[in-house]
Amino acid sequence: MSSGEHLLSLSSDSPSPRSPHLDFSNLSSSLEYSSVVFEDNPQANLLVKARELSGDAHLDLSGEHSASPSKSQDLHSTRFRSWDFPMALPPPERKKGLVSWGSDSNLQHSCEYSPMSTSSPPRGSSRTNSVVDQVEIPRVFRKSMQFDDGPSREGNYRSIHINDPAMTNDKYRFRGNEIRTSKYTLINFLPKNLFIQFHRVAYLYFLGIAALNQLPPLAVFGRTASLFPLLFVLLVTAIKDGYEDWRRHRSDLYENNRKGLVLQSGKFLNKKWKDIRAGEVVKVCVDDSIPCDMVLLQTSDPSGIAYIQTMNLDGESNLKTRYARNETISMDFEEGEISGVIRCEQPNRNIYEFMANMELDGQRCSLSQSNIILRGCQLKNTEYAIGVAVYAGQETKAMMNSAASPSKRSRLETYMNRETIWLSIFLIIMCGVVAVGMALWLRRHESQLDRLPYYKKSYSVTGMRPAKLYKYYGIPMETLFSFLSCVIVFQIMIPISLYITMELVRLGQSFFMVNDKHMYYKPTDTWFQCRSLNINEDLGQIRYVFSDKTGTLTENKMEFKRASVYGKNYGTFLAASSTSQDKDIAGPSTASSSGKKRWKLKSDITVDSELMDMLHKDIEQDDRIAAHKFFLALAACNTVIPVHASSTCIESVNDDVIAIDYQGESPDEIALVTAASAYGYTLFERTSGHIVIDVNGEKLRLDVLGMHEFDSVRKRMSVVIKLPNGEVKVLVKGADTSVFNILNEDLGKDDYLKQITESHLNAYSAEGLRTLVVAAKDLAGGELDTWQRMYEAASTSLTDRSSKLRQTASFCECSLNLLGATGIEDKLQEGVPETIESLREAGVKVWVLTGDKQDTAISIGLSCKLLTSNMQRIVVNGNSENECLKLLSDAMVKYDVKSTNGRIENLQLSENAETDNHEIPDETKLNDLPYSKVRNDEGSQSTTKAPLALIIDGNSLVYILEKDLESELFDLATACRVVLCCRVAPLQKAGIVDLIKCRTEDLTLAIGDGANDVSMIQMADVGVGICGQEGRQAVMASDFAMGQFRFLKRLLLVHGHWNYQRLAYLVLYNFYRNAVFVLMLFWFMLFTAFSTTNAITDWSSVFYSLIYTSVPTIIVGILDKDLSHKTLFQVPKLYAAGHRNESYNLQLFWITMIDTLWQSLVLFFVPYFTFKVSTIDLYSIGSLWTIAVVILVNLHLAMDIKRWVLLTHCSIWGSILVTYICLVILDSIPVFPNFGTIYHLATWPAYWLCILLIIVLALLPRFIFKAVGQTFRPSDIQIAREAEILRKRRGYVWSKPTEGSADVRN
Amino acid sequence: MNSDGPSSTSGVGGSADLATPRRNSKRPKYSKFTQQELPACKPILTPGWVISSFLLVGIVFIPIGLASLLASRNVVELVDRYETACIPDGFKKDKVKFIQSDSNKTCNRNLRVKKDMKPPIYVYYQLDNFYQNHRRYVKSRSDQQLKSKNKENETDDCKPEATINGKAILPCGLIAWSLFNDTYSFSRSSQKLQVNKKDISWKSDRDHKFGKDVFPKNFQNRTVKGGATLNASIPLNKQEDLIVWMRTAALPTFRKLYGKIEVELKKGDVIQVTLENNYNTYSFNGKKKLVLSTTKWIGGKNDFIGIAYLTVGGLCFLLALSFGIIYFVKPRRLGDPTYLSWNRNPGGGSNN
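Chains as they are written, first to last, in this note's numbering: chain A, 1 to 1306; chain B, 1307 to 1658.
Chain A extracted, bound-state conformation (with noise of 0.2 Å):
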């Protein structure tokens, strides 16, 4: 369906210019995939749309929103909607592929169900025009695909003419296999790196103002001092992207030299991989890597199955079944002429498609994506596969997908930059002083200028008239230059080094986050990983949180827990003791239970006696018939693969035991098979044709005609077998909605059935289990046949193959009996509450994103604390526009909503979202405190402010998201307390996020485990992925990756708030520290009649951003540390500081910009009084600057810091040291004019004093306004902070603040 794709390449498109920085991405994975890219066929989406909604609200919505321009200012947000909502619903006669997804009530994508599963035709091959060489590529957004696809698809593939890789490649040119992932070579290295490294705005910025100093009037500093920087950086860079080429290089060559058989002549010989070409017939071994993707021709198995993993391509670990197709099966490579020709679409990148078909002996048959292994996988169960390759090389689709994930910027940053526009008006304002003063000083001496022995503008030759000028060209050049100069000399004012900075210091924080043992999860042995190092501080503001709620909040651990067969209902006394959560009345575990059972799971399950007893009757009786086909369906109907573990690993223990390891890649599948296994209905071998069912110790096999893949559309699947006795069956199993529709309406005691079963449905999501439907028919006559041509028909399709089989399947789907339901449970992950109540009580909401029916959430809500029963739950559900809009107001008008009209605010600046920001937290204040207190306060206000939970349901949400109601749900939403929405698709997800993202200020965090959380994990301005049961595509997209939910609690509360007092910090401070210095040179150059005089030596200049002052910021930018993670975890509302931008705001910014502007001046103007009439140089008052600025720079971040280590001692004392000793080295050089100038200085008690001097005067008022600020109005950090230290030194017990303060007021 149309899920992931359209998005992902949205908010890879969001306008995100890179920050100028080093890269360290590998550090957290060398496998970076992109995210995955489903998509669907929009034509299919179109159709069911059409069918449904047929009637009056789709023409005038079409009409009005695709003519939408994109042309507001939010290009992000905006970008979203024009390709969300405008094309909604066209009318049915717009055949062309247009996306429309929010907008289908049925596209609800259940992708805890089955999320791999969406196989569906691409769309048209248009979309690979090279992208090979493209890296960024995944990240553009190829409008122009999304509709040109009809017109050009069949004409565009390729060829491949089995074994014969001199034709296939003859006409087409095709790639060899050889691979290169290194971008430079030897010879381009230089232009190469340094043009990309030049890409960013930072070096442009180093390199003018290098240039400029090369300017003869210009020369402010000397060349190679100027050039200092630059080069440094540079080389650096220079020698990292080098050092990581090399890697790559040598990765290559071992990866192109890597041996593989291949059918040379007859017989399968080595060859090295990267002289293998397309349409050459290669053999692969046991647990080999493949080499480049091929059609599979041939396994070991003679049914043609291979295993593969696919770990390396999609992080899955799970095996994956790949076939052969029956007509290549029997073929004798190395005796036989093979030849054929297969088909197929231009290389792409989807991993999850493959569209060809093989033409063999004038027969077609049709290939998918089960026929073909990819390069980068490995074999694995299978002695050897043979395959003919297909695509080679770069056109793999591994290697087509390998790009990294977006880069996004962080909301410090963001403000950071608004600041540092602020700085480069005061640059432009100085410079600009600086050049009006020099204009008017030498228009006032303009007649004696040639005479100024200090200025002396012509050379003093005699006899030459008018005199030959030097360095003078005339007063609005010099006026210019003057201003040119002082660019480069105030140049630091622009902290550019405070990018590379942030970047060391998110480097050591990510370190800290990866290394920490609280977030260390062992069961899988998934430590936390950094996967985006842009945006740490963003941690520590977050305000809203979007959970997926399947393996987030749960452990997609699926237990088999209830089922519903004919009517009845079994399971219940465990049910009634599932609060107890243990399995202490299980029952007999499986494999003692009957005796005759000879196989092993792996895992233990309960099973109903009653029901167990019913299955082993020998009677003929409707509800025993109906629940042996029902536990037939759960072996039957699904993709799950047995793994017999003799074959796999040791053959020991005894014969009798062969242990079954299943295999799937949706977990409620393996719960059900494992299921049906415990019953006696064990899965035992499963091929492309044919399934075997171990009934009881009795084998059945069962023939596959052909299965209907479980799809989002459709939401269920089926699965076509023909019994041994010659009967033909339809097995389907899937959502309630989906499958009580097709069920037969005919007879009266189906419907009493269908009534009971859905009560049993009911009780079951009421008790946050997870439902499936169970139903089956007879396949008989002409039906059959019918079917099965036009399932021919369809699987062998080249184009449209998805929405084609979809009509087969609703052609065989339909009128089915009954059979049963299943209820399975999803354990709640360790934590989970105690998490989200912390989350709470930091202001942050937490709103869940389900694609489970409405009950199952409320559940789940409920037994997660989401939801408690105190809550007034405003439920929307409805139908139509109308009624959601109807819902939505009359929420709002009973419990008084105001109205903020959201999209005004959107527009409006950071003011207004600011006050509405306060206005949230005070409210979940307000709720968060104890009970008994809001009911003393006052009676009337607890009615009105008990807080809100909403609940609202995908359709619902199709409404509302298309259709303007937007702004009331942002209200309501804002206003409660608790969101969840059920029955989402990924993409409303996603809109979800971007609704709250474009309409507050606040940050968003998305955290997901499933590719059905893609979406939302890269619209979200933080995605974090869980390394969970689903694959690791949410791990992929994501920017943080961890364990488990309840580690985000010490992810945002503890990491996010160190990171962001530490970064907010950090820059504030860089920015002083910069503008400081600046300043005291801008106070000096007034003195020198405007001319860019620099006291200060060349090379310290240089070196004071560099290596006077760098170190200690770095290390207090990694290790400070105002509050220990105790307190932190103890008192969440801590974390409401970085909600109130508390260490980072523009009032900040300015008190510093005042302290830095006294600090200059007692900078320059001290010694200046000192020394106004003496003998003092230009050197030694340089000198004295110099060593004085860094003092005082270093101290006043002493003063700062709020835990001393060691490290932090020896930087900040080891800085002035090192600053001491560059001055004696550089005034021990004769050749400088300042030779000897620190050793005088030394002996000058004068010296000693004004340093003295400087720096307390300058720290005064600093001080004066930390000591009353704390005093009168100490933040709450501090009062953690003075409470944290009290209590250790004094045994001081600081009893919760919020108990304690209770009882204080009261």
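What the hints contain is simulated information worked out from the structure, not anything from laboratory work.
Only a predicted model underlies this, so the values are computations on that prediction, with no experimental measurement involved.
C-beta: ideal position from N, C-alpha, C; glycine also.
Zero decoy hints are in this set.
In silico contact screen, one side only, chain A against chain B (beta carbon under 8 Å); selected entries:
#, residue
1, Y455
2, T1093
3, A1095
4, K1133
5, T1170
6, I1176
7, P1245
8, T1271
9, D1276
10, R1281
11, E1282
12, A1283
Starting from the known structure of chain A, fit chain B onto it as the hints suggest.
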């Protein structure tokens, strides 16, 4: 632009062997460092700390201030501004013309000693409004040339005073060119006071910066002279006036050491100064002053440090006092949770 680099390294090529062991090996190692629990000192600003640091500053600063002020007050300084007084009456209208003429520029001044002056008494000349720190000026020198004999042609930075008739000027550049050339001689009751002009420059400059085998060449050979001429037979490291002058001043008003008088001057003594008023400051309205001054450890006469120290010290005492009162009148128990933002204003909290 860069982030694509490391990400898509070897894994793409497709060897699972690389990826699998990594998975298991990267388990975090626990240490106090990685858990950020190193023993640390966590200072907080308690009232005690605040008050005592103010007191400390006060206690340190006031004595220093007093001592410096005392020292500065004990410095005896005689200043005589002479640039206008030394122009004959006829030339008062056009001083520049006078200074450029060849007429006799000798000028006699009398200085009365107000207080006893203990030797050494430093003789300075003070120039006002002379931007020795102008960028054009500061850069116009060649340190290589001054240091070593064989680098006399390194005059690139010296323009416009680099060469004359194609030959390098030594010492080149504007600084040397504009060397101060007023001379002073002193006598007390017609008895000559010796001015010691030795060791008036930095020793380091004499030893390492100005070569002992480098002699002036082609210096001041133009018709328009910028300032003093140098004796071509004396090596540069002996030309102390030049060495002093070449240490360019930091500020537009500066003093430079001329020499030392090593006899004591009594209160009431009248000193006759015979000076040669050669240096042209008239073209830019610069002042010229002759300064005789004793020194103390603090340097010359400058009350600023003393006053500043006293002020800051006093202020800190005052601050200590006021903080003491504040803490006494309106104490806040440290770590008192009542002050937490969510406790202070349970209802509104609008002022967050």
